[in-house]
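**Student:** One letter stands for each residue in the lines below.
Number of protein chains: 2
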Amino acid sequence: MSPISQKNFHTANPEEATAIDRSIPEFAAAQVSDEDDYFANHKPPSYLPEIKQELEEFVSYHKETTGKRIALVTSGGTTVPLENNTVRFIDNFSAGTRGATSAEYFLENGYAVIFLHREFSLLPYSRHYSHSTNCFLDYMTESNGKIEIDPKFSDAMLQVYRKYKQAQDSSSLLLIPYTTVNQYLYTLKLISEELKVYGSKAVFYLAAAVSDFFIPESRMPQHKIQSSATQNGELSIHLAQVPKFLSRLVDNWSSGAMIISFKLETDNNLLLKKARSALERYHHQLVIGNLLQTRKKEVVFVSSDKEDHWIRLTDEELKNGKMIESEMIPAVIKLHDEWIKKAKI
Amino acid sequence: MSPISQKNFHTANPEEATAIDRSIPEFAAAQVSDEDDYFANHKPPSYLPEIKQELEEFVSYHKETTGKRIALVTSGGTTVPLENNTVRFIDNFSAGTRGATSAEYFLENGYAVIFLHREFSLLPYSRHYSHSTNCFLDYMTESNGKIEIDPKFSDAMLQVYRKYKQAQDSSSLLLIPYTTVNQYLYTLKLISEELKVYGSKAVFYLAAAVSDFFIPESRMPQHKIQSSATQNGELSIHLAQVPKFLSRLVDNWSSGAMIISFKLETDNNLLLKKARSALERYHHQLVIGNLLQTRKKEVVFVSSDKEDHWIRLTDEELKNGKMIESEMIPAVIKLHDEWIKKAKI
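Residue numbers (this note's numbering), protein chains in the order written: chain A, 1 to 345; chain B, 346 to 690.
In isolation and in its complexed conformation, chain A is listed as follows (with noise of 0.2 Å):
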C-alpha cells in the first residue's frame, strides 16, 4: 500500500572493513569440516524420508511415462542459526526471484522442475503476486455480495494462472522447501542421489545463496543468547566454512548430469576471476556470474570450453517487463542440448 516499500533502503557506505576479524586462529583445524565430516557430525532433518519418497515418484514418472529431461532449480538464501532454539540466524539476501522465474522458462521449455527453494522465498508463478508491494486482497473486489478478482488485474492473472495449473496437471513442478543450510545440504544430497538414474538429462542450476560460514552443532547455544552474559556490551560470533559440497557433488552424489553454479559478487573488479576459479577447482560445466547491483540486467556465462559469454537487457526491455531467465534459460538449454549429445557418443 506505501509506495516506498518498493525502494531499496539498504544505506550505503563508502567506509572500509573493521568488524570482521579473520585473523582469529581458535577454532582451527578441527573445526574446517570436509564434506564427509560434516554429514557424520550434523543430523539430517527429519523429514528426509518424506521428501524421498516424492522424489522417487517424481523422478520415476517423468523417466517411464513423460520423457522429460528435469532440471533441478534451487532458490533463496540459507540461514544459519546461531542458537539452538532458533531466535537469531545469519541469512543471505535472496528473494529467490531468479531461481523462480528460471524455474518458469525451464517448465515452459518442456522440462520438468524439482524447486528446492528457501521456505516462504518466491516461488514460480506465484511470483508475479505474493512479494509485491501490493496486498493479496487489492487484487480482489467485491460485486453483488460475492468477493472476485478484480476485472483490471483478471486477464494477466488467468494467464498466470493458465501456465500454473498446466505444470501441476502435467505434475512437471515438484516444490521442496529449506530453511537453514543444514535442510539444504542434506536435501540436495537427497536430490543428486535420486536423479543419478536421470544420468545427462538433469540439469543442476544451483542458484540458492548458499551460506559460506555456519556454526557447527556442536558449538551451538541451547537458549537465546543473552545480552547481559556479555562483556562490555560486545557479542563475538565464531563461525566455521561450509564445507565446499560442490566437489562432492561433482565427483559423487550425481552421474552425468550438467551442473551449473552461481557466483554473486559485489565488487565487479573479482566478479571473473571468482567464476573462473570455481570452475578450476569443481570441475563442473558452467558457471553464471553476476553483480548483486545489475544481477536483473546482466549476467555471464564461463566454461572452460567456450569464450565468456555476456547477455545483457537493453534499458528498454527492463523498463517493458522483460525477465533477462528468458533469455538465460534457452541459452542454458542449448548447452545441455550439447551435454546430452556428447554423453551419448
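No lab work stands behind these hints: they were computed from the structure. Don't take each hint at face value.
As a list, the in silico DSBU-like pairs of lysine-lysine whose alpha-carbon atoms are at most 30 Å apart [what the hints assert, rightly or not]:
| # | chain 1 | residue 1 | chain 2 | residue 2 |
| --- | --- | --- | --- | --- |
| 1 | B | 686 | B | 413 |
| 2 | A | 322 | B | 491 |
| 3 | A | 319 | B | 491 |
| 4 | A | 146 | B | 491 |
| 5 | A | 296 | A | 274 |
| 6 | A | 146 | B | 510 |
| 7 | A | 146 | B | 497 |
| 8 | B | 534 | B | 667 |
| 9 | B | 541 | A | 146 |
| 10 | B | 667 | A | 146 |
| 11 | B | 491 | A | 152 |
| 12 | B | 388 | A | 296 |
| 13 | B | 641 | A | 43 |
| 14 | A | 296 | A | 344 |
| 15 | A | 273 | A | 68 |
| 16 | A | 152 | B | 497 |
| 17 | A | 152 | B | 508 |
| 18 | B | 686 | B | 534 |
| 19 | B | 689 | B | 664 |
| 20 | B | 589 | B | 664 |
| 21 | A | 68 | A | 163 |
| 22 | B | 618 | B | 534 |
| 23 | B | 510 | B | 664 |
| 24 | A | 244 | A | 296 |
| 25 | B | 491 | A | 165 |
| 26 | A | 165 | B | 497 |
| 27 | B | 589 | A | 152 |
| 28 | A | 163 | B | 491 |
| 29 | B | 408 | B | 491 |
| 30 | B | 508 | A | 146 |
| 31 | A | 334 | A | 152 |
| 32 | A | 344 | A | 297 |
| 33 | A | 165 | A | 296 |
| 34 | A | 163 | B | 497 |
| 35 | B | 689 | B | 667 |
| 36 | B | 541 | B | 408 |
| 37 | A | 163 | A | 334 |
Being a predicted model, the structure only gives us computed values, none of them experimental.
Fit chain B to the supplied structure of chain A, relying on the hints for placement.
**Tutor:** Quick look at chain B alone, frame taken from chain A:
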C-alpha cells in the same frame, strides 16, 4: 503444495554453548554507544521525510475527524547487515503473526493502527493467505474462460476482504515498512514524536523482534566478505549492543502514551525475571512475556501495579483456530482505558 512445508524444520540439539564467546574485551568502551551517540553516528534512511508526511496526515486526520485512539503496532524481525552491499545479514526470527493479528483486533475494536512492520512479513488481513503453504493461485479456479476465486474459499475470503476494505476505506490502517534495525530505530523515533500530540490516547504495542546486537556503520565492510580472506576457514564477527532505546522512548520521544513491550525468551526460568527487570529499568506500563515454544498458546501480562496475569488458550480453542490475540487485545484496551482515565485526573 508440499505437505511438509507446514512443519517446523529446525532441529533441536541439547548440547550447550561454545560458539558464542562472551569474554572478548576488544572494541569495548567507545563502541557501546548510548542512544544519542547512535543517532549521531548512523544515517537516517533517505525515505524518512516521506513517512513523516504520511504520518502527519494520518495523525491529524484521526485527531480532528474521527477521534479514534491510535495504536502503534510494531511487527517482525529486524536485520543487521554484515556488509554494506548487503549479501549477508543477521536476522531475528519473526513471521509477524503476533503483530499482524493484534493489529486486526485493534482495528476491530475501533482503533486506528500504524503498522510498523518488517517488509514482506505478515500484514493484517492478507496474513490469512500470504504465508500459507498454499500458493496464491491455489485459491483460484477457471470457469468459462474467466479466472475466479474457488467457491471453496470465497465465503471465508469475503469476510476477510470486507474487514480489510473497511480498514482501508476508513483510512484506519497505515502500513510503514522497514528492513534493518537502523531503519526501525529511526522510524520508531519519528512515529513517537509525531504521536506526541496524541498524548494518552496513543498506545505503543512493541511486538517487533528487535536485534540486541549490530555492526556499527563505521566497522562495516563495503563488499561481500570473501571466504578466502579468512584464516583457517574461520570467520569471527564482533557485534556491539543496540542501545536500549526504550528508555528514550518512555522519557523523551513520546509523551503520555501507554507503552507496552514484549519479552520473548526460550528458557522458562528466565521469562518472568526478565519481564520484571525490563519494567523496572524503563518504567513503562506493561511487559507481555512469552516463550518461543508456546507463544501462540500463552502470554503473561507483567505490570508494576497489578498481579502477573496469564492469558491462555485451551488445546480445544487452539485447534478451532482461535488466536490468542483475540483475548490479548481486549485486555490491553481495558488497561488503556484506565491509563487514559488516570491521565485526565
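**Student:** It remains to establish, for every hint, whether it holds in the given structure.
**Tutor:** We went through each hint and held it up to the structure:
1. Only pairs whose Cα atoms come within 30 Å are accepted, and residue 686 of chain B paired with residue 413 of chain B is accepted, the gap being roughly 16 Å.
2. In summary, the hint linking residue 322 of chain A to residue 491 of chain B is supported, as the alpha carbons are separated by about 25 Å, within the 30 Å threshold.
3. For the hint linking residue 319 of chain A to residue 491 of chain B, the alpha-carbon distance of about 28 Å falls within 30 Å, and the restraint holds.
4. Between residue 146 of chain A and residue 491 of chain B, the direct Cα distance comes to roughly 15 Å. Compliance with the 30 Å bound is thereby established for this hinted pair.
5. Simply put, residue 296 of chain A and residue 274 of chain A have alpha-carbon atoms about 20 Å apart, close enough for the 30 Å limit, and the pair holds.
6. Our distance criterion of 30 Å between C-alpha atoms is met by residue 146 of chain A and residue 510 of chain B, whose separation comes to about 14 Å.
7. A threshold of 30 Å between alpha carbons decides the hint, and for residue 146 of chain A with residue 497 of chain B the separation of about 13 Å falls inside it, so the pair holds.
8. With a C-alpha separation of about 34 Å, the suggested pair residue 534 of chain B and residue 667 of chain B falls outside the 30 Å cut-off, and the hint is violated.
9. The straight-line distance between the Cα atoms of residue 541 of chain B and residue 146 of chain A is roughly 42 Å, outside the 30 Å bound, and the hint therefore fails.
10. Under the criterion of a C-alpha separation no larger than 30 Å, the hint pairing residue 667 of chain B with residue 146 of chain A is consistent with the structure, at around 25 Å.
11. For the suggested pair residue 491 of chain B and residue 152 of chain A, the alpha carbons sit about 13 Å apart, so the restraint of at most 30 Å is met.
12. Taking the CA atoms of residue 388 of chain B and residue 296 of chain A, the gap is about 28 Å. The hint holds against a cut of 30 Å.
13. Proximity of residue 641 of chain B to residue 43 of chain A is assessed by CA-CA distance (about 28 Å); at most 30 Å being required, the pair is judged to hold.
14. As the CA atoms of residue 296 of chain A and residue 344 of chain A are separated by approximately 35 Å, the hinted pair breaks the 30 Å bound.
15. Distance restraint check for residue 273 of chain A and residue 68 of chain A: the Cα-Cα separation of roughly 35 Å exceeds the 30 Å cut-off, and the hinted pair is therefore not satisfied.
16. Between residue 152 of chain A and residue 497 of chain B the alpha-carbon distance is near 23 Å, which keeps this suggested pair within the 30 Å criterion.
17. At roughly 22 Å between alpha-carbon atoms, residue 152 of chain A and residue 508 of chain B fall within 30 Å of each other, so this suggested pair holds.
18. The hinted pair formed by residue 686 of chain B and residue 534 of chain B meets the criterion: a straight-line CA distance of about 26 Å does not exceed 30 Å.
19. Pair hint residue 689 of chain B plus residue 664 of chain B does not hold up; C-alpha atoms about 42 Å apart against a cutoff of 30 Å.
20. For the hint linking residue 589 of chain B to residue 664 of chain B, the alpha-carbon distance of about 38 Å lies beyond 30 Å, and the restraint is violated.
21. For the given pair, residue 68 of chain A sits about 17 Å from residue 163 of chain A by alpha-carbon distance, which is consistent with the 30 Å threshold.
22. Pair hint residue 618 of chain B plus residue 534 of chain B holds up; C-alpha atoms about 28 Å apart against a cutoff of 30 Å.
23. Note on residue 510 of chain B and residue 664 of chain B: the hinted pairing holds, with a Cα-Cα distance of about 28 Å set against a maximum of 30 Å.
24. For the hint linking residue 244 of chain A to residue 296 of chain A, the alpha-carbon distance of about 27 Å falls within 30 Å, and the restraint holds.
25. For the hint linking residue 491 of chain B to residue 165 of chain A, the alpha-carbon distance of about 14 Å falls within 30 Å, and the restraint holds.
26. For the hint linking residue 165 of chain A to residue 497 of chain B, the alpha-carbon distance of about 17 Å falls within 30 Å, and the restraint holds.
27. For the given pair, residue 589 of chain B sits about 47 Å from residue 152 of chain A by alpha-carbon distance, which is inconsistent with the 30 Å threshold.
28. A threshold of 30 Å between alpha carbons decides the hint, and for residue 163 of chain A with residue 491 of chain B the separation of about 14 Å falls inside it, so the pair holds.
29. Proximity of residue 408 of chain B to residue 491 of chain B is assessed by CA-CA distance (about 45 Å); at most 30 Å being required, the pair is judged violated.
30. Restraint check for residue 508 of chain B and residue 146 of chain A: satisfied, since their Cα atoms lie roughly 14 Å apart, inside the 30 Å limit.
31. Pair hint residue 334 of chain A plus residue 152 of chain A does not hold up; C-alpha atoms about 38 Å apart against a cutoff of 30 Å.
32. With a C-alpha separation of about 35 Å, the suggested pairing of residue 344 of chain A with residue 297 of chain A is violated against the 30 Å cut-off.
33. Of the supplied pair hints, the one linking residue 165 of chain A and residue 296 of chain A holds, its CA atoms being roughly 27 Å apart against a limit of 30 Å.
34. A C-alpha spacing of about 22 Å is found between residue 163 of chain A and residue 497 of chain B, which places the hinted pair at or below 30 Å, so the restraint holds.
35. Of the pairs offered as hints, the one joining residue 689 of chain B and residue 667 of chain B is violated, with about 36 Å between alpha carbons and a cut-off of 30 Å exceeded.
36. In summary, the hint linking residue 541 of chain B to residue 408 of chain B is supported, as the alpha carbons are separated by about 12 Å, within the 30 Å threshold.
37. For the suggested pair residue 163 of chain A and residue 334 of chain A, the alpha carbons sit about 23 Å apart, so the restraint of at most 30 Å is met.
Of the numbered hints stated above, those contradicted by the structure are hints 8, 9, 14, 15, 19, 20, 27, 29, 31, 32 and 35, listed in ascending order.
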